[in-house]
Amino acid sequence: YFQSADSYYESYTVDELIRDRVLMVLRMNGQPLSRDHGFPLRLIAPFKYGYKNIKYITQIKFTDDRKRNYWSNNGPYSVDGTIQPGIDHPLDHHKKPIPINGGEVFHFFDK
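Residues in the sequence shown are numbered from 1434 upward in steps of one, following my numbering.
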């Protein structure tokens, strides 16, 4: 499991960690990772929900049992956290749409 400087903790299996596109990030754009982006180390797994992508990693421990993570202990989230297309997020139920008054739309790509 991974422990962060801010007491957050997260778990992954070795099989999840060796999948393609999983990154252990120390640098960004050729520069050391900044505090805002997760210094000293962050993990990015694009097939997992955001709460699984832990920042500020200070410890990595390999264990025989899968430790529950922060959000599975403190909210309606699974230990696994794999994105399931077509499955609503557990906290999205029974919410009404909220109108956004104002703002701007930016287009980054030409058609």
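Where hints are given, some of them may not hold.
[As the list claims (entries may be wrong)] Pairwise CB distance ranges (calculated):
| no. | residue 1 | residue 2 | range |
| --- | --- | --- | --- |
| 1 | Ile1451 | Ser1511 | 19 to 29 Å |
| 2 | Asn1507 | Gln1464 | 29 to 39 Å |
| 3 | His1470 | Ser1440 | 11 to 21 Å |
| 4 | Lys1494 | Asn1534 | 39 to 49 Å |
| 5 | Gly1463 | Arg1501 | 15 to 25 Å |
| 6 | Arg1501 | Asn1462 | 16 to 26 Å |
| 7 | Asp1497 | Asp1469 | 27 to 37 Å |
| 8 | Val1455 | Thr1496 | 35 to 45 Å |
| 9 | Asn1534 | Arg1452 | 17 to 27 Å |
| 10 | Asn1534 | Pro1465 | 20 to 30 Å |
| 11 | Asp1513 | Asn1534 | 34 to 44 Å |
These are computed hints drawn from the structure, not numbers from a lab.
Small disclaimer: the values here were computed from a predicted structure and weren't measured.
For every residue, glycine included, the Cβ atom is placed at its ideal position computed from N, Cα and C.
Evaluation of the provided hints:
For the pair Ile1451 and Ser1511, the beta carbons lie near 21 Å from each other, so the given range of 19 to 29 Å is met. The hinted window of 29 to 39 Å between Asn1507 and Gln1464 holds, with their beta carbons roughly 33 Å apart. The hinted window of 11 to 21 Å between His1470 and Ser1440 holds, with their beta carbons roughly 19 Å apart. At roughly 47 Å, the beta-carbon separation of Lys1494 and Asn1534 lies within the given 39 to 49 Å, and the hint holds.
Separated by about 37 Å at the C-beta atoms, Gly1463 and Arg1501 break the suggested range of 15 to 25 Å. In this structure the hint that Arg1501 and Asn1462 lie 16 to 26 Å apart at CB is violated, the actual value being about 35 Å. One distance hint, 27 to 37 Å for the beta-carbon pair Asp1497 and Asp1469, holds here, with the actual separation near 35 Å. Range check, Val1455 to Thr1496: Cβ separation about 19 Å, and the 35 to 45 Å hint is violated.
The hinted window of 17 to 27 Å between Asn1534 and Arg1452 is violated, with their beta carbons roughly 42 Å apart. Between Asn1534 and Pro1465, the C-beta spacing of about 40 Å breaks the proposed range 20 to 30 Å. Checked against the hint of 34 to 44 Å, the C-beta distance between Asp1513 and Asn1534 comes to roughly 38 Å, which is consistent with it.
Checked against the numbered hints given earlier, the structure breaks hints 5, 6, 8, 9, 10 and satisfies all the rest.
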